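Asks: Take the sequences, apply the hints, and build the full model.
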Amino acid sequence: MSYQEFLVERERMDALLRRGYVIKRVHENLSGAFIEFALPTPAASELKQPLQTLHIQTADARKYVSSLLIQQMKRSS
Amino acid sequence: MADLSMNLAGIKSPNPFWLASAPPTNSGYQVQRAFEAGWGGAVWKTLGEPILNVSSRFAAISFNGQRIAGFNNIELITDRPLEVNLKEIYETKKRFPNHAIIASLMVEPKREKWHEIVKRVQDVGVDGFELNFGCPHGMAERGMGSASGQVPELVEKQTYWVKEVAEKPVIVKLTPNITDITATAEAAVQGGADAISMINTINSLMGVDLDTWHIIPHVAGKGAHGGYCGPAVKPIALNMVAECARHPRINVPISGMGGVSSWKEAVEFMLMGATGVQVCTAVMHHGFRIIEDMVEGLQHYLDSKGIASVMDLVGKAVHRYSDWGNLDLNYKVAARINTDVCINCNKCYIACEDASHQCIDRLADATGREYLKVREEDCVGCNLCSLVCPVDGAIDMVELPRECPPMTWNERQAAISALTVSNAEAK
Ligand SMILES: Cc1cc2nc3c(=O)[nH]c(=O)nc-3n(C[C@H](O)[C@H](O)[C@H](O)COP(=O)(O)O)c2cc1C
Ligand code: SF4
Ligand code: SF4
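So the protein lines, in turn, are chains A and B.
The numbers in the working numbering rise by one with no breaks, and the one at position 30 of the first sequence is 30.
The numbers in the working numbering rise by one with no breaks, and the one at position 189 of the second sequence is 1189.
Careful, some of the hints might be misleading.
[What the hints assert, rightly or not] Here are the computed lysine-lysine pairs in the DSSO-like style, where the Cα-Cα straight-line distance is at most 30 Å: (1) A/63 to B/1427; (2) A/24 to B/1332; (3) B/1119 to B/1168; (4) B/1094 to B/1012; (5) B/1427 to A/74; (6) B/1163 to B/1119; (7) A/24 to B/1427; (8) B/1347 to B/1332; (9) B/1113 to B/1087; (10) B/1332 to A/74; (11) B/1157 to B/1119; (12) B/1316 to B/1264; (13) B/1332 to A/63; (14) B/1168 to B/1012; (15) B/1234 to B/1305; (16) A/63 to B/1373.
To be clear, the hints were calculated from the coordinates, so they are not data collected in a lab.
Quick caveat: nothing in here was measured; it's all calculated off a predicted structure.
Replies: Here it is as structure tokens:
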């Protein structure tokens, strides 16, 4: 899996974060990680999609999302 | 000049280099010559009921021109009567009162047998005992050596019996032929050991002759497993020393051995928790005189680092040895090829292409000259290319700037489970 694939996956996660989503659930299995993003207070425009799940496959992106999660938990504690 | 003198559980020696219990410490003649050459101490060839040896006992692996990269033996303990050894120990100690003489002992796992030998040996003035719970062949079939050294209860019990009568420090020498050496090390501590030493030799079969199909070495056409030691075993020995050194309940000094061939390995063992080292194979290969370079090299090293005493090295790197789960997943290195040094042999390219992550590109400059370049963003920093590269300085493994703060596997798993718990609570 190449750096380019990592960049794509990172961007998909960053895009959700920019729209105010937070990491809600991390589910890992043989296919990689399934990350559920949620809007803490759904804005009107987003109500149709309060939850978004991304399938993350590259190792670097799975590392990245864990770093994001740790930062998110630090912020909220 | 740095102080090289050493104190292991009360056993003092002028330097941290001891001869391990093995052929070089078979007799007073040898040990006295070793002390004259500069060795700080000697663990006498294991004493016990005199044994019978086979002829054709040693074998070695030569690797790419390096003779004796690994060494193997099917020799047992001393074949000389106890009185003969004790007389020579006494004479040697008298001539060299400031050198350490440790008696290595092995008897059947019976209380009265241990009491008898300890009492007889301590009367001649040894500085300590080393209990040989490690010999992997011959003696093990008789319930001694590694047969009793692999069972923590037997290690504890026999150590305890020895401690009942020993008036000198007791070192328990452990076998590496066990999944987790800390189990037997802890048993030795429980039994009252003043120190532990490791490693004895590793079970091994050196090879099979391709023409005759004989086991190497063979004794009249038959072979038996032997004990492996020498440079090849150093990483195994060093790990075992370090695992014991960082174990919270193993709090006695460690005498380290297994592949020590120069002052450098000695420093490594000491940094990882050993109070001094023992040497066998290197002396069997090169003779007692290697001690001169070992002492001189250690002295220079300590002086160049401004370290006053060799004892200040002991255990200084142990805190850096941890579990995989505590390593930083966000730390990144990448290979960088120095084209001015590279000889274009392509070893690194092949290694990365066939066995790693296919991230070395073969390019050509404007003049058509070929050169190699690592795509740093795809390089996982495995080190393989730099390990196969035959030219010093042609590949540097460089640290990349951090993109994320440090994060270990354990921290990551803790964060994921905390998230799961908080989700459950929120329901
Ligand atoms: C030929 C030979 C005989 C040995 N005999 C003994 C012995 O009698 N008692 C003992 O405790 N260890 C014995 N050993 C093991 C060494 O003391 C030492 O633990 C091992 O060789 C690892 O050190 P090295 O890599 O420096 O050789 C013997 C090793 C060799 C090679
Ligand atoms: S460090 Fe590993 S991945 Fe990187 S270039 Fe070298 S061999 Fe390839
Ligand atoms: S292995 Fe070393 S010398 Fe050979 S091509 Fe690679 S960098 Fe150059």
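Asks: It remains to establish, for every hint, whether it holds in the given structure.
Replies: Cross-check of the supplied hints:
1. A/63 to B/1427: holds, 28 Å
2. A/24 to B/1332: Given that 30 Å is the threshold and the Cα spacing comes to 28 Å, the pair holds.
3. B/1119 to B/1168: holds, 11 Å
4. B/1094 to B/1012: At roughly 16 Å apart (the allowed maximum being 30 Å), residue 1012 of chain B and residue 1094 of chain B satisfy the hint.
5. B/1427 to A/74: It holds: about 22 Å lies between the C-alpha atoms, which stays within 30 Å.
6. B/1163 to B/1119: holds, 11 Å
7. A/24 to B/1427: holds, 13 Å
8. B/1347 to B/1332: holds, 23 Å
9. B/1113 to B/1087: At roughly 20 Å apart (the allowed maximum being 30 Å), residue 1087 of chain B and residue 1113 of chain B satisfy the hint.
10. B/1332 to A/74: Holds - the C-alpha atoms of residue 74 of chain A and residue 1332 of chain B are around 23 Å apart, at most 30 Å.
11. B/1157 to B/1119: This hinted pair holds, its Cα atoms lying about 18 Å apart.
12. B/1316 to B/1264: Between residue 1316 of chain B and residue 1264 of chain B the Cα gap is close to 15 Å, so the pair holds against 30 Å.
13. B/1332 to A/63: holds, 12 Å
14. B/1168 to B/1012: Cα-Cα ~12 Å, so holds.
15. B/1234 to B/1305: Holds: residue 1234 of chain B and residue 1305 of chain B sit about 24 Å apart, inside 30 Å.
16. A/63 to B/1373: Holds: residue 63 of chain A and residue 1373 of chain B sit about 26 Å apart, inside 30 Å.
Violation of the numbered hints given earlier is absent; every hint is satisfied by the structure.
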